[in-house]
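Chains as they are written, first to last, in numbering that gives the first Met the number 0: chain A, 0 to 393; chain B, 0 to 641.
Please note that a few of the clues may not be correct.
Claimed, not checked - Below, computed lysine to aspartate or glutamate pairings styled on DMTMM-like, alpha-carbon distance capped at 25 Å:
1) Lys45/B <-> Glu257/A
2) Lys45/B <-> Glu170/B
3) Lys271/B <-> Glu330/B
4) Lys271/B <-> Asp364/B
5) Lys299/A <-> Glu288/A
6) Lys419/B <-> Asp432/B
7) Lys318/A <-> Glu330/B
8) Lys419/B <-> Glu170/B
9) Lys45/B <-> Asp255/A
10) Lys45/B <-> Glu66/B
11) Lys419/B <-> Glu401/B
12) Lys544/B <-> Glu129/A
Keep in mind the hints are simulated off the structure, nothing from the lab.
Since we're looking at a predicted model, the values are computed, not measured.
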Amino acid sequence: MEVDALGAAEVTRRTQWRPHWPTLALLMVALAGLAGPFETGGQAYLVAGGAAPLTSGLALLLLLGAAVLPTVWGSPWVVPAATPLALVAAFGAIYAQRSLAGSAGWGYWLVLLGGLAAAATAAGRISVIELESDAPRWQHRMQRSVPAATVAFLVLLAWEGLVVGSRVPKGIFPRVSHIWAAFLGSWRVLLADAYLTFVKEVLFGFAVGLTGGFLVGSAIAFSRFLQRGFLPLATAFGAVPIVGLAPVLGRALGVDWESKAAVVVIVTFFPVVLNTVQGLTLVDPLKLELLRSYAARPLKVFFSLRVPNALPYLFNALKVAVVVGVVSVIVAEFLIPGPPTGLGQRISLSAHRGAFDIVFAAIMVSSLISMALYAVIIFLERMFTAWHPMSRGS
Amino acid sequence: MAASRPRVLVPLKRRLVAALPVVVVLAIAFVLMYPIALWLGLPLAKLRMDNVANWVTVTTAPHALAEAPADPTAGAAAGASLAFGGAPANLSSERAVLTYGGQPLAARFGLEDGVAVLRSAIPGPLFAWGAELTGPLDAGHVYVLPEGTDPGAALYLADRLLLPGATEAVERPDGVQTVFSFPDDAGGPVIVGHTVLLEGDGFVADDRLVTLSAPAPFNSVVRRVSGDYAVVDAASGTVALAVASSAAPRAAAASLAIAELLVGEVDGVNRKFQLQHAPLVESDAQRRIMLDGTELSAAAERPLERVDGGRATFTFAGERGVVTINGAEVEEGSGFSRSGNTITFATPPVRNAAIRQYADYLVSDSTTGTITLAVAPPAGSSLWAPTYTYYDHPACGATELECFLSMPQHPMPFPNWIAKRLGPFFGAYALSDSRNVVRATLYTAGGTLTALLLGGIFGVLLAILFVAVRPLEQALLPWVIASQTVPIIALVPVLLLLLGNVGVTVQTSLVPAALIGAYIAFFPVTVGTVTGLRSVDPLSLDLMKSYAASPVQLFWKVRFPAAVPYLFVSLKLGAAAALVGALVAETESNNRLGLGYAIVGQVQAGNVSDVWILLFISAILGIGLVSIVGLLQRFIAPWERR
């Protein structure tokens, strides 16, 4: 902004003072909602009789009004400040709605949806910023994380707001608050289940599938004949659905955790074998010739060239395997009814009982742990394949 | 140089050579299935073999004279050798005793291979004839013992001892089955319940397999005569001979016989003895144990008082006996003290414990056949057991392998068994019947294609949105990835609930399968299409810019064609994923028209071979769907081959 200080400053000032119209309009819609009834057939919320609606209505008015201010400025760094205010306003509307009887009125819907949409557009404003390469790291982090985090809150508030507003009974579909309460009440049980499912079944099956797959893959990589034979069939073997395989394994290995670990072994085995074979064979021919010129024995070539070359492929397979493996182990626990431990069993039993809040709490635990496992694999990948061009650069 | 073979054969030969590795690997996999089946099945077979409840029971009886003597009243001199029918070869003289009429004889003898050589003379009589059996009730097999005859009496046909024996069929009759197999070589008539069936009329035999002309009623007992005769009905005294005979057999009222002694020191102090065969059948109504000539009773009596946890003194009717608490013997002196018929325990037994007093003897361990007597038999007396029942050998077979082969269901069947099931499985229902497998496969294929269509359209739209609006991608992509970590099978009940509330009949609709399949399929399509839309050569973009192309034109003419190959690769991945999702949804939603229901049904029915056939069908279905997508790619984008 040094060149043409006057002109540039004028341009910046003009763009700074242009309001962010989408967010502003949505906030106005939300404010209009305050003038409407939260209950069908009731009065406008702000003037509804009683102290509680009055104070909460005023609080909502203050929040939404405060949210309007940053959007008037228009700057990409200031508008997102409206996001938390709009989200809290939506939360407040839901909180107020919970204590009301009858079905929800249009005022409630306007406040809820207007507030959420305004938060979305406001948070989206941060993505248009073109950060310079020497911008401080917190700015990069903000740009990456704010939109995604906002989406999470949006989804949760929208879920809660819709379920509360539509007055869905607890047994039919749970609210986020119910799910949270269920989680708080049963986290010990869920964690014990998660230990059985993830540590014993997934990790053990993973380890066995990984070693077995690597050994078989290495064996196949040594023979061109086997390669040409196995690779077309690997898709066929991998296409056998878990739905049928799980009960067969349950019959063979009993209903305890061993059969579910076997499912994970099979699900891990085929991607690992495929990727190991590819990684061990798709080596740069120049490197092979170099080692040949060093008179390297095949075993030396294997350990110093082929195996490191295969590592990125292997981690690729592991990433696929960990996600598919977790899903498969839950499917296996559904289909091999055994002792009532393990996350899949918990979900199945709770679903049959109709306790869908525990179902969602268990799903949440399962997702979090599988995302954590995925992150561990990514970390290991960075550690072991940092030298690979794939990990360098952006 | 002329061509040595026709040109059309060369590509054929090349194709065959190219296919050879696949065939070899398939053959290896096929062969590997046998050891894997054994590895999985043999432990289960061993469990089945070791379970005593599955064993064949044998009831011992005193072994009577093999030949009825011409003069029953005469005795036998020292040095005479007498043959006893049915005596086992390993029965030694220390463990056997000669008996007559329920009394042991004090005779010394040597026993070898069922033949006793007397060392001291035995005064007569050695034999007494009983009544002749009435009959035959049919062509010569069925006879009836007269009223009052001991059903365990030895039977003689023309002075030759008949040995009883009957083996039970391996399979339990279910009311429908007509084919039964018998473990041991049995060759006589078949007895179903109390009815005797004759060969050629009631059944057809083929070595060890027997096909009845009418199915055996549910839960009846199917036996086959394996000895010389078998008792059909002990109450009415009906017996069936293995070989038809016009002459009626004759029962022996008494015969010189060899009976088993109990193993243990008879010295007036020892009270623990063992039966020679174990494990014993726990509740054995036929068990008889004799001390010299008196039968010992196995009866137990309860105390008069209630066991309330505080009381230690109890009164019984009898004044002697073995006292047990909850089946464990209590030592007299250290555990309790007795005065007459009152006993006082050292510590009061726990509340509601089972206290029993066995007047004569008690089976303290049926696995080893240990008997504990109340009073130690005096030295010189004979403690012998005329009859008792024990578990002899596993019914399924002599070795683990035999038991494995005779298992009704295997965790993993041999491939040839699966192949044998192919014909009946596909032909079970006509093509017009909705339960036909081919129709179910087509139904599931329809569901998968719908799921792929939905997932594909949604994925492509989402990808276009992501490429057009950068902030959306940053915000939503992590959550799209997170959505794939949610175990989809857990969401199926929720989805079915919602659909049910909306009014969709989930049992007959494709909607659950389509939605779940689309959920799993859309992710690879999105990721692949985004990569494809972004993979445009920047030079092309610059060129379009120089032509002042609008964004829409840019999209259709440059970005979309570049994305097509990526799209098809991800559609192939999505097809496999959609099939998995559709099957999962069908399994949980009980949609009778689909393949998932067939799989679950066969699993629950226990037909493992059919489950394997269905698995192969699903694998072929998956490959077929992927090939359909490949074919589609050939038509739409023939310039790319991936």
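Hints versus structure:
A hinted pair counts as satisfied when its Cα atoms are at most 25 Å apart, and Lys45/B with Glu257/A qualifies at roughly 19 Å. Taking the CA atoms of Lys45/B and Glu170/B, the gap is about 18 Å. The hint holds against a cut of 25 Å. A C-alpha spacing of about 13 Å is found between Lys271/B and Glu330/B, which places the hinted pair at or below 25 Å, so the restraint holds. With a C-alpha separation of about 11 Å, the suggested pairing of Lys271/B with Asp364/B holds against the 25 Å cut-off.
Among the hinted pairs, Lys299/A with Glu288/A is consistent with the structure: their alpha-carbon atoms are about 13 Å apart, no more than 25 Å. Distance hint between Lys419/B and Asp432/B is fulfilled; the C-alpha atoms sit about 23 Å from each other, no more than 25 Å. Annotation: proposed proximity of Lys318/A to Glu330/B is violated, straight-line Cα distance about 67 Å (limit 25 Å). At roughly 20 Å between alpha-carbon atoms, Lys419/B and Glu170/B fall within 25 Å of each other, so this suggested pair holds.
Distance check on the hinted pair: Lys45/B and Asp255/A sit about 19 Å apart at the alpha-carbon level, within 25 Å; holds. A C-alpha spacing of about 42 Å is found between Lys45/B and Glu66/B, which places the hinted pair above 25 Å, so the restraint is violated. Taken as a hint, the Lys419/B and Glu401/B pair is honoured in the structure, with Cα atoms around 20 Å apart against an allowance of 25 Å. A hinted pair counts as satisfied when its Cα atoms are at most 25 Å apart, and Lys544/B with Glu129/A qualifies at roughly 22 Å.
Hint check: violations occur at hints 7 and 10; the rest are consistent with the structure.
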